[in-house]
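Now for the letters of each chain:
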Amino acid sequence: MLSAFLQFLISGVTVGAIYALCGLGFSIIYNASHVINFAQGEFIMIGAMTAVSLVEAGVPMPLAILLAILVTMAVGVLLEKLAVEPARKASVTTLIIITIGASIFLRGLAQEVWDKNFHKMDPFSGDTPINLFGAVLMPQTLWVLGTALLVILLLAWFFNRTLEGKAMLATSFNPLAAQLMGINTKRVLMLSFGLSAALGAVGGIVITPITFTAYDNGIMLGLKGFSAAVLGGLGNGFGAVAGGLIVGIAEAMAAGYLSSAYKDAVAFVIILLVLVFLPNGLFGRKGTERV
Amino acid sequence: MSGLSRWAGLGALAIFLAALPQALPNNYYVDVAVLACFNAIICVGLNLLIGYAGQISLGHAGFFGLGAYASAVLVNSYGWPPLLALLAGAAIVGLMAFAIARPVLKLKGHYLAMATLGIGIIISIVINTEAGITGGPDGIAAGPFSIGSFKLAGERDWYWLMAGLLLATVWLATNLVDSPVGRALRALHGSEVGAEVVGVDTARYKVMVFVVSAVIASVAGSLFAHYTPQLTPTKADFFKSIELVTMVVFGGMASTFGAIVGAAFLTMLPQVLTVFEDYEPVILGGIMMGTMIFMPKGLVPTIAALFNRRRP
Amino acid sequence: MSMQAWKILASAAAVAFTAAAGPALAADPIKIGSFLSATGPASFLGDPEKKVLEKYVAEYNKAGGVAGRKIELVLYDDAGAADKASSFVKRLIENDKVDLIIGGSTTGTTMAAVPLVEAAGMPFVSLAGAVVIVEPVKKWVFKTPHTDRMAAEKIFADMKKKGITKYAMISENAGFGKSGHDETLKVQANYGMTLVADETYAPKDPDVTAQLTKIKNTAGVQAVINWGFGQSPAVVTKNYKQLGVAAPLYQSHGVASKDYIKLAGDASEGVRLPAAGLVVADQLPATDMQKAVCAKFQKEYQADFKAEASTFAGHAFDGLQMALAAISRAGSTDKAKVRDEIEKTSGYIGTGGTVHMSATDHMGLNLSAFHMVEIKKGDFALSD
Amino acid sequence: MTLLRVEHLNKEFGGVHAVSDLAFTINPGTIHSIIGPNGAGKTTLFNLITGVYTPSSGSILFNDVPTAGKAPYQLAEDGMSRTFQNLQIFFNMPAIENVMVGRHLHLDRRFLPSLLRLPGIAKGDAQAREKSTELMRFVGLEAYLKADADAMPYGALKRLEIARALAAEPKLLLLDEPAAGLNATESREIDEVIVKVAKSGVTVVLVEHDMKMVMGISDHILVLDYGKKLAEGTPDQVRNNPDVIKAYLGGGAA
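Residue numbers (our numbering), protein chains in the order written: chain A, 1 to 291; chain B, 1 to 312; chain C, 1 to 384; chain D, 1 to 254.
Keep in mind that the hints were calculated from the coordinates and are not lab data.
Distance condition first, Cα-Cα at most 16 Å in a straight line; then the derived EDC-like pairs of lysine to aspartate or glutamate:
| no. | chain 1 | residue 1 | chain 2 | residue 2 |
| --- | --- | --- | --- | --- |
| 1 | C | Lys-306 | A | Asp-115 |
| 2 | C | Lys-51 | A | Glu-112 |
| 3 | C | Lys-51 | C | Asp-304 |
| 4 | C | Lys-51 | B | Asp-278 |
| 5 | D | Lys-123 | B | Asp-178 |
| 6 | C | Lys-262 | A | Glu-56 |
| 7 | C | Lys-51 | A | Asp-115 |
| 8 | B | Lys-297 | D | Asp-150 |
| 9 | D | Lys-196 | D | Glu-134 |
| 10 | D | Lys-246 | D | Asp-225 |
| 11 | A | Lys-116 | C | Glu-308 |
| 12 | C | Lys-55 | C | Glu-300 |
| 13 | C | Lys-241 | A | Asp-127 |
| 14 | C | Lys-262 | A | Asp-122 |
Note that the coordinates shown come from a computational prediction; the quantities given were computed from them, not determined experimentally.
Kindly produce the complete structure, drawing on both the sequences and the hints.
Laid out in structure tokens, this is it:
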């Protein structure tokens with residue numbers, strides 16, 4: 001049953017690539033601020049819903065995508081300015097509640113701006129399946145994978161080669177020292193929200209031809225994205241992608257060989273086991289406590 | 001909190017709880033008050049873990065759900081007396097929490113959040129899937145709560161039971177917080193290594209508080225199973241967990257009375273917000289964000305600080 | 001801090017409770033209470049139901065109300081949560097003092113209401129599907145939609161005609177899917193059917209090819225049934241087409257709306273499903289009494305909401321019509337009388353079929369209420 | 001008889017030898033100082049002794065019992081207590097309760113009696129509060145008896161840690177830079193506190209940069225450089241050791 005195995009794998013990679021893209025957004029904000037933004041899923045939804053509604057209104061796809069990314073970025077920056085920035089000194093738990101509040105708010109807003117229906121988007125390059133040794137692969141999966149790959153490369157370049165990126169990393173390690181070095185940490189934080197919102201939007205748009213979209217689609221994607229980012233190790237883009245793929249493949253294999261009802265549970269058991277042995281995720285920085 | 005002010009707080013709470021039913025025009029209001037008591041009891045327990053010991057749990061609804069389903073299943077399908085089922089549920093949840101606590105509570109911050117979230121989700125998947133036992137997504141009815149021939153019926157009966165239990169839980173929780181055990185919990189929140197070097201076995205205390213808060217949630221769950229006409233898996237899911245944490249943070253972490261206020265406020269809020277119909281989520285989210293931005297320490301500590309400042 | 005805590009608690013409670021109490025209302029109008037899953041995972045059901053109730057109550061009032069009395073609708077959104085539903089039902093009964101309740105988009109929320117309405121003696125028309133709502137018969141509880149068991153029977157009857165005996169099932173791991181799955185198993189023996197593969201998926205799963213691959217690789221699968229609603233049946237349908245599974249795909253009445261065809265696109269060609277007359281109203285023979293009712297409802301709905309009415313919208317319409325007719329016949333809002341009149345509903349022609357209720361049947365629909373439809377060229381085509 | 005014996009102690013962090021092949025002993029009832037330039041491994045050594053870090057190799061014996069495998073709280077039970085260079089204050093608690101946590105090992109800390117607040121618990125707490133008040137006065141914090149820890153200045157917090165460590169009634173007290181960030185007057189006050197503590201029979205190990213303090217109160221001094229022992233002896237022996245002079249004044253001055 002090689003072809004079945006291959007099909008499970010492809011299914012897992014498809015789903016995993018979706019989770020990976022969602023997880024990357026968490027990583028960026030974490031890198032800049034050590035904040036986990038539970039409204040990240042809503043960025044994904046807003047990007048997708050904006051793009052879909054623009055396309056439905058007759059805007060050409062590339063322009064619709066660009067506009068959707070810009071709209072989502074604006075939402076991200078606004079969220080940072082109005083909700084996160086004023087509460088920078090609050091505890092981690094308080095910030096979690098603020099971003100959860102933001103996610104409820106944005107979802108409620110989306111339900112009013114748009115509607116409660118599901119929406120679709122056409123695949124970027126047709127929907128003729130590609131046959132691989134008896135298993136089929138949809139072209140859109142390649143788009144998702146390619147986007148994830150491109151995003152990692154861009155992020156690696158951004159964080160290692162550009163001043164902005166290095167400033168972001170520095171801010172995450174030690175905000176005070178970064179500020180003393182002349183880094184505008186407020187700007188860095190804003191940039192990180194804008195960037196991860198943009199990334200969420202890109203992810204949301206690329207996956208919509210596979211998943212459809214609706215005002216409440218961000219919940220599940222945000223949850224799985226968070227799982228992917230934590231499994232891979234927070235703040236590590238490569239880790240988020242690896243984490244996403246592992247979760248996706250674990251789910252597909254569990255559905256294929258164990259029980260489809262328990263596939264999500266299997267994924268979470270794997271995450272738990274990994275965390276028990278690697279408390280900072282697969283590729284997370286091991287923080288030595290200085291005492 | 002000194003001994004005197006603790007008794008004053010308990011007394012005030014007791015008077016409030018005793019007087020409240022007079023102000024409630026009909027059983028619907030009593031129902032909301034009962035639900036607030038349920039949430040308050042869980043939150044007082046959860047606050048020991050999150051507020052005092054500084055360990056987040058995004059999976060506590062799982063323990064609430066386990067307790068609830070243990071009762072519903074044992075009473076409904078196996079004919080156990082409700083009280084025995086409640087104790088069995090608490091024992092099962094306590095053992096389970098004990099077994100997972102040590103490895104899980106080694107994790108910190110967002111990793112701990114992820115792990116507890118995962119545990120909660122796994123529990124809710126099991127409840128949802130094992131329909132033969134749990135009734136699946138459509139739920140199960142546990143029937144009324146009875147001890148011997150005494151049957152608890154009607155919202156007002158339930159109110160007195162839950163108000164009494166809330167008072168007892170608050171008494172126990174404040175006792176614990178204001179003891180060497182409670183100081184150890186607060187200390188490990190402040191600095192784990194700082195607590196260790198003066199002899200606090202931080203791992204043991206983390207396990208202990210985790211089990212205590214899980215058992216409180218389980219007992220509340222067991223009773224809830226009898227109170228609700230139909231117990232469904234949504235009571236054990238991720239959203240319920242988030243709601244519980246929100247109540248704790250909203251009311252004020254490391255404040256037992258804050259947990260009660262948070263639970264009461266957020267239980268009532270959706271009932272009030274129904275007038276906004278479809279705009280309810282926007283307003284609920286807005287209130288959550290606004291409160292946490294302007295009162296990052298939560299309602300009760302912030303307002304208490306305000307009062308203290310005004311006092312000469 | 002204790003005194004402060006006490007003050008805060010007291011004032012918060014006072015504010016919230018006065019706000020919740022709202023202004024006192026005159027008892028003059030007929031008060032219809034409703035709790036629907038207008039948001040949340042079942043908003044697919046509750047949202048159109050809410051629109052329909054609000055629209056038609058307004059229209060009745062424009063036309064002077066029922067029996068000379070205006071109708072007041074008190075509607076709450078339970079977001080699909082059973083405990084919220086039970087709170088709202090208590091609120092409707094105890095606080096709003098409604099005369100009758102229409103609502104309960106899902107089986108879970110309906111079942112949370114059942115003990116409460118039974119205890120209070122409140123006529124209740126449910127809009128949810130499962131058989132347990134009316135079997136065994138509960139004195140005060142009625143329902144308008146067809147049951148999932150009927151849908152399963154309709155599918156099996158169709159399969160039998162085609163000579164199919166072995167089938168596979170893929171169902172959503174949530175209320176509707178689970179209940180449909182279980183009812184299917186209960187009636188399969190009556191039609192001589194054997195289940196050979198049984199898979200599930202979680203709501204909002206982006207891809208189900210793993211489960212479908214397993215079904216595809218199971219020997220002897222002659223047809224596949226999918227139980228679910230919302231976006232997931234569209235995902236199933238797309239993946240089904242991608243994998244090139246040869247066996248025919250049956251969907252449930254849960255997807256009987258144009259949205260499904262729009263989402264699944266070409267992949268939905270050839271999918272068969274049981275559906276109420278509403279979705280194929282224009283294709284019904286002129287002799288079918290349902291034709292005119294459905295066409296009118298469809299037209300009015302589309303005029304207001306710029307979208308095609310789903311069968312769920314129709315359930316709410318039917319529930320409201322039957323309830324108001326019963327009140328009108330009873331000549332009052334006396335709960336016992338209204339209940340008796342609802343039970344006497346006979347020959348009501350609604351979007352879901354012709355209803356004949358009785359003391360032993362609180363739904364009053366039979367299999368003839370369902371039509372087998374096939375999706376052809378992006379539209380539902382009658383295929384009985 | 002020795003209270004603490006360190007033998008062939010090594011600690012590596014990813015290839016960096018923070019402590020290498022270190023051996024020394026500490027006798028009871030003395031003030032023992034550990035000095036050395038920044039990065040010499042002093043704090044790492046403290047963390048190894050108190051069980052916060054696990055040695056890469058070598059052994060530490062406390063009261064002639066190996067400490068290997070013991071967690072910090074177990075070593076605290078055995079009679080060790082310490083302060084930190086990077087403050088480990090419980091900022092979420094009042095100052096007095098910080099010190100009361102130090103009494104942890106001397107109080108009834110069983111779960112059920114605490115939950116029910118049996119009379120014994122209340123009595124123990126009252127005594128702990130009294131004792132902690134006394135200790136805060138002893139280290140010069142009488143002004144902060146009612147303060148919250150997060151409202152106290154740095155110098156006061158350093159003393160608060162000392163009071164907390166003393167509350168545990170240790171046999172061995174390890175103080176990591178107790179005078180850092182203090183002005184001259186405050187330093188002298190800390191001096192006196194340390195001497196008083198030592199006189200009461202507690203063995204004190206001190207990491208400190210304030211040479212005036214170190215030379216003034218130490219019975220014995222250990223000099224570390226790059227994780228290795230550079231010299232050891234009485235203040236006079238160390239002061240005149242050519243290696244020490246070279247390390248402290250730089251090669252050119254020799």
